[in-house]
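The chain contents come next:
Protein chains: 6
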Amino acid sequence: MNDERYVRGWAKLKEVDGQAGQNVIDGLKDIAPDFARLLIEFPFGDIYSRPGLDLRTRELAVVAALTAMGNAAPQLRVHIHGARNVGCTQQEIVEVIMQMAVYAGFPAALNGLFAAKEMFALEGPQ
Amino acid sequence: MNDERYVRGWAKLKEVDGQAGQNVIDGLKDIAPDFARLLIEFPFGDIYSRPGLDLRTRELAVVAALTAMGNAAPQLRVHIHGARNVGCTQQEIVEVIMQMAVYAGFPAALNGLFAAKEMFALEGPQ
Amino acid sequence: MNDERYVRGWAKLKEVDGQAGQNVIDGLKDIAPDFARLLIEFPFGDIYSRPGLDLRTRELAVVAALTAMGNAAPQLRVHIHGARNVGCTQQEIVEVIMQMAVYAGFPAALNGLFAAKEMFALEGPQ
Amino acid sequence: MNDERYVRGWAKLKEVDGQAGQNVIDGLKDIAPDFARLLIEFPFGDIYSRPGLDLRTRELAVVAALTAMGNAAPQLRVHIHGARNVGCTQQEIVEVIMQMAVYAGFPAALNGLFAAKEMFALEGPQ
Amino acid sequence: MNDERYVRGWAKLKEVDGQAGQNVIDGLKDIAPDFARLLIEFPFGDIYSRPGLDLRTRELAVVAALTAMGNAAPQLRVHIHGARNVGCTQQEIVEVIMQMAVYAGFPAALNGLFAAKEMFALEGPQ
Amino acid sequence: MNDERYVRGWAKLKEVDGQAGQNVIDGLKDIAPDFARLLIEFPFGDIYSRPGLDLRTRELAVVAALTAMGNAAPQLRVHIHGARNVGCTQQEIVEVIMQMAVYAGFPAALNGLFAAKEMFALEGPQ
Chain F
781 MNDERYVRGW
791 AKLKEVDGQA
801 GQNVIDGLKD
811 IAPDFARLLI
821 EFPFGDIYSR
831 PGLDLRTREL
841 AVVAALTAMG
851 NAAPQLRVHI
861 HGARNVGCTQ
871 QEIVEVIMQM
881 AVYAGFPAAL
891 NGLFAAKEMF
901 ALEGPQ
Chain V
781 MNDERYVRGW
791 AKLKEVDGQA
801 GQNVIDGLKD
811 IAPDFARLLI
821 EFPFGDIYSR
831 PGLDLRTREL
841 AVVAALTAMG
851 NAAPQLRVHI
861 HGARNVGCTQ
871 QEIVEVIMQM
881 AVYAGFPAAL
891 NGLFAAKEMF
901 ALEGPQ
Chain E
781 MNDERYVRGW
791 AKLKEVDGQA
801 GQNVIDGLKD
811 IAPDFARLLI
821 EFPFGDIYSR
831 PGLDLRTREL
841 AVVAALTAMG
851 NAAPQLRVHI
861 HGARNVGCTQ
871 QEIVEVIMQM
881 AVYAGFPAAL
891 NGLFAAKEMF
901 ALEGPQ
Chain D
781 MNDERYVRGW
791 AKLKEVDGQA
801 GQNVIDGLKD
811 IAPDFARLLI
821 EFPFGDIYSR
831 PGLDLRTREL
841 AVVAALTAMG
851 NAAPQLRVHI
861 HGARNVGCTQ
871 QEIVEVIMQM
881 AVYAGFPAAL
891 NGLFAAKEMF
901 ALEGPQ
Chain P
781 MNDERYVRGW
791 AKLKEVDGQA
801 GQNVIDGLKD
811 IAPDFARLLI
821 EFPFGDIYSR
831 PGLDLRTREL
841 AVVAALTAMG
851 NAAPQLRVHI
861 HGARNVGCTQ
871 QEIVEVIMQM
881 AVYAGFPAAL
891 NGLFAAKEMF
901 ALEGPQ
Chain C
781 MNDERYVRGW
791 AKLKEVDGQA
801 GQNVIDGLKD
811 IAPDFARLLI
821 EFPFGDIYSR
831 PGLDLRTREL
841 AVVAALTAMG
851 NAAPQLRVHI
861 HGARNVGCTQ
871 QEIVEVIMQM
881 AVYAGFPAAL
891 NGLFAAKEMF
901 ALEGPQ
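Protein sequence lines, in the order shown, are assigned to chains F, V, E, D, P and C.
The opening position of the first sequence corresponds to residue 781 in our numbering, with each subsequent residue numbered one higher.
The opening position of the second sequence corresponds to residue 781 in our numbering, with each subsequent residue numbered one higher.
The opening position of the third sequence corresponds to residue 781 in our numbering, with each subsequent residue numbered one higher.
The opening position of the fourth sequence corresponds to residue 781 in our numbering, with each subsequent residue numbered one higher.
The opening position of the fifth sequence corresponds to residue 781 in our numbering, with each subsequent residue numbered one higher.
The opening position of the sixth sequence corresponds to residue 781 in our numbering, with each subsequent residue numbered one higher.
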């Protein structure tokens, strides 16, 4: 057992988005419970926990990548929310998505912006 | 003519990577000279020049996206170099590429790391 | 301000699909109003307005590309409709989507055909 | 007419998933009936019918590929069901999807696992 | 044997690019000779031979799609050449590639333009 | 330290392709040595080592996915070789790649077949 990685991973996942993390873990329970453990251990225990890049930049980079790939809508929404949780402004998120128009085209950027609009709406009036 | 956007775009492109920019512009001369102008005006004049996100974060986001997409090797190299030009550390670039293993898989991250290795080697010993 | 590009872009966007364009612009209003302007200026003011390729072929090429990419369903629907607006026949659209089975696989082509079926149904009986 | 390929294709399609196949064929009837014929003839009459690789491995390979591509959700669901029909265990399907986390990232694998969960639920309690 | 499709396919393939077709067929000889037959029969015998869309538009649509996908460089070069063979102008090809900047990003369009430059150079001075 | 995962991962990596694995590890040494460790621990220590799917099927699934994605040529070659190392026949590999023509298009399958041809040639005459 790699309890240290698991504990470190959960702590980091909670910083990013504990509720969304819990929902995914719950959703995996009766299909692939081991994958829930791996999800906590590798992405959050191994990668997100590394020094050398702050959590805000990590989340903006993930929002950029998922916007550009355009085939992972649920995860894009989670990480737009995660970016907010770790302190990114709405403007920073919008800017990073807009920039993807240059690298992955306008449809990718538009779908990213509409995902951001949806997630920001859940925050209520600013 | 949108000279203002063009001038602003060239200035921004020079901040990111003037030499690579010039090479691309030269390469387009006898195939699509208008595209060279559009490349300066829209990505650099319109997008990169916007406030609300610093140039370092913009470049790290682009490195993330191009690593994840995995189908734009020449542009990934240019932006790894561009990230360095605007002040990103080698470590920050390596971290953002490693993180793509989580979102786009290990092959994407490996190919990104080898591109970074190639570009860092051009800098000579640190 | 680049009013000339904006005006030219809106005119061109209206030729392709004014209603869908307006919906997108409206949707962007409270998340990224600047992106609405960029969307009119660059794709429609700069690219679609160029001579050298007629609007029908431009729209069929876009339907082909979005079908092949398979990750931009809302934009595919808009451009299937846009292709009809600029004079493409239903048969031409179906043929270009079917051809994508060769280049991007049968799932991409099937999803494209079902998008076309949905959009053609909105036209009512022919 | 290539009736031999068509007959062979339908027989193979029925082995994989006759009901889903029929639904797709029906759905194509008023948009692209020829494509329904091509879908039976080439993928199922020409490719699936070849010797040298058993049907179980073919279906697991398709589940792997569609999970990794991440842009063909309806077809992924059909082939998760098809893999079950030709004798793959739920565990084999889950393993092949989990493995895609390595090659295409965690979002692709998660979306694949949730598709599997949905399809397995239709089977009722095991 | 589907000799009719094969004969029709070869005739169509020769219209598009007989030499490139022959090279691919030869290259497949000792790895997958059956695939050479399938390549002639399905894409060229079944799809390209259909009425309802002229060969020029088919080739421009393929150039658009392969530029946008960005992961099939050899085939993009073949179809840029094929587009020329069936009567597309250099300008039409350049325009359709430039348009992909909007839908798949600037890197995809740039890599497409450089492929076109390479293929046009083989034609010698115009 | 997770020495158990590391040891188990290296053993599994050696089964798949010890030499290619070592080359990648060496290549990462001066750019991202930690990533070499993660590459052994997560993909090989955590995923490949799981029961429930034999190594031959795992490798064929990876060949399928990398062929379909079309943007990871070096890794596709490694896993074609890996598939051979764990006992897959050349015919099985060719069949799984050919099948990708259906799901990801002919260019993806062709590029996969040519990669297989290259890797099989290194084995010398059979």
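Derived from the structure by calculation, the hints contain no laboratory data.
Any given hint could be a false lead.
Below, a sample of chain C positions facing chain D; criterion: calculated Cβ distance under 10 angstroms [claimed, not checked]: (1) Phe822; (2) Arg830; (3) Ala845; (4) Asn865; (5) Gly867; (6) Thr869; (7) Gln871; (8) Glu872.
On a predicted model such as this, the values are computed, not experimentally measured, just so you know.
Ideal placement from N, C-alpha and C gives every residue a C-beta, glycine not left out.
- Task: Just pull the numbers of the violated hints for me, sorted ascending.
- Result: Going through the list in order, the structure violates hints 4 and 5 and respects the others.
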